[in-house]
Every structure is written in C-alpha cells, then in structure tokens.
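There are 2 protein chains.
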Amino acid sequence: MIFRQLFDKESSTYSYLIGDEATRDAVLVDPVLPHLERDLKLLSELELRLIHVLETHVHADHVTGAGKLREVTGCTGIVPHGANVGCADRFVRDGDTVQCGAVAITAIATPGHTDSHMAYRVGADRLLSGDALFIRGCGRTDFQNGDAGRLHDSVTQRLFTLPDDTLVFPAHDYRGMTVTTIGEEKRCNPRFIGRTREQFIEFMAKLNLPMPQKIMEALPANEQCGQVLTGAGAAPNDEKAIAPAQRPPL
Amino acid sequence: MIFRQLFDKESSTYSYLIGDEATRDAVLVDPVLPHLERDLKLLSELELRLIHVLETHVHADHVTGAGKLREVTGCTGIVPHGANVGCADRFVRDGDTVQCGAVAITAIATPGHTDSHMAYRVGADRLLSGDALFIRGCGRTDFQNGDAGRLHDSVTQRLFTLPDDTLVFPAHDYRGMTVTTIGEEKRCNPRFIGRTREQFIEFMAKLNLPMPQKIMEALPANEQCGQVLTGAGAAPNDEKAIAPAQRPPL
Numbered sequence: 001m002i003f004r005q006l007f008d009k010e011s012s013t014y015s016y017l018i019g020d021e022a023t024r025d026a027v028l029v030d031p032v033l034p035h036l037e038r039d040l041k042l043l044s045e046l047e048l049r050l051i052h053v054l055e056t057h058v059h060a061d062h063v064t065g066a067g068k069l070r071e072v073t074g075c076t077g078i079v080p081h082g083a084n085v086g087c088a089d090r091f092v093r094d095g096d097t098v099q100c101g102a103v104a105i106t107a108i109a110t111p112g113h114t115d116s117h118m119a120y121r122v123g124a125d126r127l128l129s130g131d132a133l134f135i136r137g138c139g140r141t142d143f144q145n146g147d148a149g150r151l152h153d154s155v156t157q158r159l160f161t162l163p164d165d166t167l168v169f170p171a172h173d174y175r176g177m178t179v180t181t182i183g184e185e186k187r188c189n190p191r192f193i194g195r196t197r198e199q200f201i202e203f204m205a206k207l208n209l210p211m212p213q214k215i216m217e218a219l220p221a222n223e224q225c226g227q228v229l230t231g232a233g234a235a236p237n238d239e240k241a242i243a244p245a246q247r248p249p250l
Numbered sequence: 001m002i003f004r005q006l007f008d009k010e011s012s013t014y015s016y017l018i019g020d021e022a023t024r025d026a027v028l029v030d031p032v033l034p035h036l037e038r039d040l041k042l043l044s045e046l047e048l049r050l051i052h053v054l055e056t057h058v059h060a061d062h063v064t065g066a067g068k069l070r071e072v073t074g075c076t077g078i079v080p081h082g083a084n085v086g087c088a089d090r091f092v093r094d095g096d097t098v099q100c101g102a103v104a105i106t107a108i109a110t111p112g113h114t115d116s117h118m119a120y121r122v123g124a125d126r127l128l129s130g131d132a133l134f135i136r137g138c139g140r141t142d143f144q145n146g147d148a149g150r151l152h153d154s155v156t157q158r159l160f161t162l163p164d165d166t167l168v169f170p171a172h173d174y175r176g177m178t179v180t181t182i183g184e185e186k187r188c189n190p191r192f193i194g195r196t197r198e199q200f201i202e203f204m205a206k207l208n209l210p211m212p213q214k215i216m217e218a219l220p221a222n223e224q225c226g227q228v229l230t231g232a233g234a235a236p237n238d239e240k241a242i243a244p245a246q247r248p249p250l
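Line by line, the protein sequences give chains A and B. For the first sequence, the tail end lands on 250 under this note's numbering, and the numbers increase by one without skipping. For the second sequence, the tail end lands on 250 under this note's numbering, and the numbers increase by one without skipping.
Treat the hints loosely; a few may be bogus.
Which copy? The list can't say, so a pair holds if one copy fits it or any two copies do.
[As the list claims (entries may be wrong)] Capping the alpha-carbon separation at 25 Å, the derived lysine-lysine pairs in DSS-like fashion look like this: (1) K9 x K41; (2) K186 x K214; (3) K9 x K214; (4) K186 x K41.
Rather than coming from a laboratory, the hints here were simulated on the basis of the structure. Just so we're clear, the structure is a prediction, and the values are computed from it rather than from any experiment.
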C-alpha cells in the first residue's frame, strides 16, 4: 500500500492519500481545497488514478477539495450516511467498505463531533480517526449536532476496542504530532482517562471554544462538495467562486 | 522500532524521535527548542529514555533543543564532525554509527547545504535527509560555507545510490508533505532531473533567497547547543535566555 499523510498548515488539517501499488487506484481522505494542485501533482507523480474522495465528516474549518477533484479526475465523492451533502455520489454506513484496489477502507460510525462522523480503518493496522479522536485530544462537540455523550461512546466503545498497536492518524493536530496508537491513547489521552462518561460530558460543556474562523464559509461550501458559494458566507474575492447556476446538480 | 515525525509549524521543521521497543532507549534528531515540553512529555508517555540528541547540521532557521534536553535528561549531544559546536559531546564522521538499542543510525556525509552536514540512515529502510534532500527540493547553498557542487555530489552520489524504496524523511517541508522515497526523488525532484552538475550550480546561484528570519539568533545559539545568548542576536524578552556565566563549559 502507498500511504501519505498531507498537512494544511492554515487549518492544521491532515489529509491522507491511500494507493494500491498493483492497480494504481487511489483514494484521498479529507482533501483541502487550496491544496488541489499539490494533491493532483502528487497523484500524477506517483502514477496513481484517483477513484474516490472520502470524507470523515462535513468540515467546519476548511473547504473540501472533493468537488474540484471530482470535476478534474472523474472520481466519486463519498460521505458518511446522514451528512447533509446532497451532491455526494455515495453515502457510507457503519461497516461499509470502500475498496482501493486490494486495500479495504472500512467505515466505523463515530458520531459525537458531528452527528454523521465516520472513522476509517485502512487495511489491518491503520485508523483514520477524523475529528473523533485526536492525539491526546478529541474533536469539539458544540455545533453540527455534536454530542459529548455520543463522542465518548464512539471513542471508548468503537475506537478503544481496536487492537492496541493500531496506528491512529487524526484529521488534525495543533502541536506538530503526526501519529499515535490506540494503546497510547487509551493510556495517555487526558480527555478520556480518569473521567466517567458524565464527567466527560461536563468537561466538554465547559470548553467554551471560539467558533472556527471559517465556519460561515466552510459549512455551506462543504454541503455542496466544496464548491465555494457566492453571496453570504462566501469569500468575496475568491476568483474560483461558482455562481448558483453553475453549481453541479444535486 | 518506534518512529515519530514531529513538526514545528513556525519554521516548517521536522524533528524525529527514534526509540527501541525493547531497551526503551531513544534518540531525538533535530529537536526544536520551543517544543521542549512536548518532546519531553512524549518521551515520558512512551516510556522512553533519551540517550542522544543528534543534529543533521547547525541550523540557521530555528534554535535546537539539544542543550536543554541534555540539561534535563542527561543525554549526550551529537553533531557532525566539522560543525562549529564546541559544546557537543561527540562528533560523528561519515560511516559512524549511533546506536539506539538495537537500532543503528548511520551517518552519511552530505555536505553542500552546510560544510558539515550529515544525513542519517535509520535501520534498513529509512533515511533522515536533513537539509540535503527535500521532497521535490533541496536545501539552499548560499551561506554557512554552502556549496552547490558539493550538494549535487552528496545527493546524486550518496543518497540517490540508496535503494529506491528507502523512505526519505526531510528536515523541512513547506507544502505539507511528510515523506517521500529515493526512487520518487530520482524520478520527480525538479532540482536534479534534467540538470547537469554545472546547470544545478548555475540554478542554485540564481535562487536569490532572503536570509532566514532567525539566522542572527539561531546560528550563534546553535553553536552553543541551543543556549539562547543574551546581548546581540538574542531574543530580548526570552525568559529562558542564559547569561554567559551560566553557559555550560565548552
């Protein structure tokens, strides 16, 4: 398997490129729009054909590259079942598998950060944990129908039950960490160790975080597969903005 | 082997933590001073004992954490032979091996970015390429006795002769890439493909890059194992600045 972690400095987002060495099929998970050219170039250099873009959830802090990548490569856009993304080609449910050549990518329903969040197991020993589980942290639960109790269940009952040596690749890190393991998070994640479900809910309720800077732009754009909207919420000077009439059909 | 890539967003620097699972010995390569606490915490969480800090070269864009880490952990500080770092505990020459439990870290003299730069082979299949070879790029050669011809020789004769599937981890990336391979760089690195040694020298001479922002602070500090100097070149409000009398002896 080809596996590449890619970083967006502005939003501290990790995207992941998964490729099959024999078939040259590739899947991009959580691509970030401003890196479209970097990601297309990498696919071409590695002689990979993008077949799917896969989202862990509808992002509030950056605009997805899914729509543009689909336009350019003809790949399909896949999002979690229940996500408010009418333009997606496919919705995955818990346990569904997305195939990338011989590499199986299996969805694990992990709601809590949003109400339709999926983590993805890649092959036998890797987990893309999205915004459910971070390295010594977890995603916030105070918008997009977030629910701290459900996140606690997702992490402790779905992710912490995977083998301890599973490599965990999160959708964000803000301190320059790149990878962890399930065993390490079970031992060291300060959000979960020494806290009951109730204490976790109480803790999350008191975080009082500011809204993500780009939420007004990112959420409506990502509900349109990352096509940046004109009008309210759109970046006013974005040359790539697409007028409603030009948007792809639902 | 435990292997962790760590990122400093400000200078786009990668540090590397290497650990032996059996002996729990660890080596940190190119640590960045402001991440001292993050790195110490990670060592403690992974139950690793830091035995060496290893530098690929004397950095001009960030201050090394070597001195402080040595102070706190009692590790030794290792730098390339010829580096102007009087306070180092050991100088490695081409072919020397630094042992981290069962993991052998072997120095490969790769001058050109600076005159005493080392890349390090870690185990059989990984290379820490420092500032000699970047992902689709290479380090600049216009200060610290840099020499484009020597860099061309280092990359093409020492690094490009390693097995194609060697994973290459650079000391910097400015576009969010994390890893490459020798084969990929031989095929895709625009600094080297389609350019003779002479054309490479000519190209590097015309880059005309601005000086690194922190060079006046970083170079003298790194020649003192990262002890930030007071007086000229020091960050005036750095509470951790150490007065000359308190500096460790050479």
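Okay, the hints, checked on the actual structure:
For the homomeric pair K9 and K41, the shortest alpha-carbon distances inside one copy (19 Å) and between copies (23 Å) are both at most 25 Å. Taking the shortest alpha-carbon separations for K186 and K214, neither the intra-copy value of 32 Å nor the inter-copy value of 39 Å comes in at or below 25 Å. With identical chains, the CA atoms of K9 and K214 are at most 25 Å apart both within one copy (14 Å) and between copies (20 Å). Within a single copy, K186 and K41 get their C-alpha atoms only as close as 37 Å, which misses the 25 Å cut-off; across copies the closest is 16 Å, which meets it.
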